[in-house]
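**Student:** Next come the chains, spelled out residue by residue.
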Amino acid sequence: MQFPALLSTRVLGNFLTDNAFLGITAVGMTFVIISGGIDLSVGAVIGFTGVLVAVLISSVGMHPLAAFAIALAIAALFGAAMGLAIHYLQVPAFIVTLAGMFLARGGASVITQDSVPINHEFYSYLTSLAIRMPGGGKLSFIGMLMVLVFLVGAVLAHRTRFGSYVYALGGNATSASLMGVPVVRTTVTIYMLSSVLACLAGLVFSLYTSAGYPLAAVGVELDAIGAVVIGGTLLTGGYGFVFGSFVGVMLLGLVQTYIIFDGTLSSWWTKIVIGFLLFLFIVLQRLVFAASTRADRSPGGA
Amino acid sequence: MSRFPLNRIINTQTVALAGVLLLNWILFPGFFKIEWQDGRLFGSLIDVLNRGAPVAILAGGMTGVIATKGVDLSVGAVMAVAGAVAATMVDAGHSTAAAVAGALAAGLLCGIWNGVLVALLDIQPIIATLVLMVAGRGIAQLITEGSIVTFSDPALIYIGTGSFLGLPMPVVIAFLLMLLATLAVRRTAIGLFIEAVGVNRSAATLAGIRSRLLLIVVYSLCGLCAAIAGIIVAAYIHGADANNAGLWLELDAILAAVIGGTSLLGGRFSIPMAVVGALIIQAMNTGILVSGYPPEFNLVVKAGIITLILMIQSPFATMVLAWFGRGEKRSLRCTAACARSWQQSPSSSSPMRRPSCSFRRCFPRVSWAIS
Chain A
1078 MQFPALLSTR
1088 VLGNFLTDNA
1098 FLGITAVGMT
1108 FVIISGGIDL
1118 SVGAVIGFTG
1128 VLVAVLISSV
1138 GMHPLAAFAI
1148 ALAIAALFGA
1158 AMGLAIHYLQ
1168 VPAFIVTLAG
1178 MFLARGGASV
1188 ITQDSVPINH
1198 EFYSYLTSLA
1208 IRMPGGGKLS
1218 FIGMLMVLVF
1228 LVGAVLAHRT
1238 RFGSYVYALG
1248 GNATSASLMG
1258 VPVVRTTVTI
1268 YMLSSVLACL
1278 AGLVFSLYTS
1288 AGYPLAAVGV
1298 ELDAIGAVVI
1308 GGTLLTGGYG
1318 FVFGSFVGVM
1328 LLGLVQTYII
1338 FDGTLSSWWT
1348 KIVIGFLLFL
1358 FIVLQRLVFA
1368 ASTRADRSPG
1378 GA
Chain B
-6 MSRFPLNRII
4 NTQTVALAGV
14 LLLNWILFPG
24 FFKIEWQDGR
34 LFGSLIDVLN
44 RGAPVAILAG
54 GMTGVIATKG
64 VDLSVGAVMA
74 VAGAVAATMV
84 DAGHSTAAAV
94 AGALAAGLLC
104 GIWNGVLVAL
114 LDIQPIIATL
124 VLMVAGRGIA
134 QLITEGSIVT
144 FSDPALIYIG
154 TGSFLGLPMP
164 VVIAFLLMLL
174 ATLAVRRTAI
184 GLFIEAVGVN
194 RSAATLAGIR
204 SRLLLIVVYS
214 LCGLCAAIAG
224 IIVAAYIHGA
234 DANNAGLWLE
244 LDAILAAVIG
254 GTSLLGGRFS
264 IPMAVVGALI
274 IQAMNTGILV
284 SGYPPEFNLV
294 VKAGIITLIL
304 MIQSPFATMV
314 LAWFGRGEKR
324 SLRCTAACAR
334 SWQQSPSSSS
344 PMRRPSCSFR
354 RCFPRVSWAI
364 S
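Residue numbers (this note's numbering), protein chains in the order written: chain A, 1078 to 1379; chain B, -6 to 364.
Incorrect hints may have been included.
Derived coverage of chain A by chain B (criterion: at least 3 residues anywhere in the stretch with Cβ under 8 Å from a Cβ of chain B; other residues may be distant) [to be verified]:
1) 1133 to 1147
2) 1182 to 1188
3) 1277 to 1283
4) 1299 to 1313
To be clear, the hints were calculated from the coordinates, so they are not data collected in a lab.
Being a predicted model, the structure only gives us computed values, none of them experimental.
Ideal Cβ positions, reconstructed from N, Cα and C, are used throughout, including at glycine.
Model the full assembly from the supplied sequences, consistent with the hints where possible.
**Tutor:** This is the structure in structure tokens:
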């Protein structure tokens, strides 16, 4: 690395803070993708949460904690509805969550068109909450929250019954249901988890910007999917790690930080590099899996 | 006229389009008024056709891709690339024909790239096209060097705003493309091949269809359609905006195809109905605008419409309908009973030992949770 200052704790702390909302979203997305689905609505849920919380605090005069609870409850219901629709209507998750994305984005725009600022002492308290690290770096509350979500997510995916259900569902939904995996409950829980985590990411985003804007976080769903794929999770489902998504998010963040540090590269190089990284990791995955499946399965998966 | 295929014209999609248009007429009485001014037609209905044309063109290409059980997320970005190429070439002094050809070639190249990823490397279509969706906009910005490139070439602008026989040029282009594509897929065997690959690619390959070549062709045609739509959009605003040209139009195109009855699981498609789907979307957009409702409602209404269509098309609705038919009822109940018996004693009954169930082999880590 040609910039020694990149490794300072100050940059590291900011790095975690800047990517906190993307990281939290990516955890939920990992579960959805491992189960063989996809959730396009997360970016819109982040935007909706930001606006809802901002309006509840600034216009209605509610305490932030109450507003947080309402937002999380709405997100849980929203995710449950999507999960139910995916299971009972037997439509691809792609289309259901696309409808969910339109609904959440539209709902946010119906609440307000403007950027609503949040001025509340509890907000400034949460933003100032940080652990000082040696070297002048600060580990902020939202940065710690992201790391915590990743840890909980990893335990949930790899050490609990629910996690095993998710993997089973992604491997083969029919076999999973025949083996007694509660398909409905698991599907609903997966999409609820994704929406709730997206909502949490929305709260983090509103802490980060101290405002709510209906068009915030447009396209975050693609960044999250990209991070999950770069992290080694298969989009066909049934295989992946929560920690891999952490690496993916950090890699995406690193590309951005590097381009900012370099200074001469224009911002559009970010997109090209991310696209190239995605391509590289997909091809790599493809080669690794082609090599490993050739060993124990007869050809014919074309 | 007795052999006129009336039942092929009247179906869910056209009834829905008529319904949306009628609703618009109720909300805005002047909706169906069409005037002749300066040698061309004017009116809300023409506006729906004109603004719906880019999405209709995209939806045509997208339908072909979806019919092969794929999806192309990159069409919006390809539009931006094509627009950027056309605008910069015209500004650099090339002729209009060269600029259009360059833009079309760029779109074709993007499509071939997607096709190669999907067909040769066997990458899932969503992911394969996601690469170009992310990188494409960056490439478009690279071409325009980050700024919005404007141009004043009259021939290029004519593609976006001119008129032919009184109809706006985009409508004419979209209609011709639709006619061409429909004839190609319904009067030759190509449509059948596409459906065969969409239903079961391995079986189609074994039956002698060159599925790899077919997939590459389908994706490159989708890229070409996206390039045409990109040129139209750039010509319409007299400039190429790498950031916003075709933004989220891929979702509209997929939606149009799905509304048009194309199955996302592949194997069933209709290009004219996808175009009707694009017009339904645009009629809703225009209706909300002309009736004076705030445009924010647009997305919510869209979400409602998608949900409604999904419910009508879903197997669940078919099952509810079948519930009234005696024959299906028995078989349904039987399947449910079998599934239940398997659920109750998963480890003792047959599915574990069936050769088709490689569950335990693939997922040794899960077996402890069930046994």
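**Student:** All hints are to be evaluated individually against the structure, with a verdict given for each.
**Tutor:** Comparing the hints with the structure gives:
Coverage of the stretch 1133 to 1147 of chain A by chain B is violated [criterion: at least 3 residues with CB-CB distance below 8 Å; count 0]. A stretch counts as covered by a chain when three or more of its residues have a beta carbon under 8 Å from one of that chain; for the stretch 1182 to 1188 of chain A and chain B the count is 5, and the coverage holds. Remark: the stretch 1277 to 1283 of chain A is not confirmed as covered by chain B, as 0 of its residues place a Cβ nearer than 8 Å to a Cβ of that chain, below the required three. Proximity of the stretch 1299 to 1313 of chain A to chain B, defined as three or more residues with a beta carbon under 8 Å from a beta carbon of that chain, is established by the 6 residues found.
Taken one by one, the earlier hints fail for this structure at numbers 1, 3, listed in ascending order.
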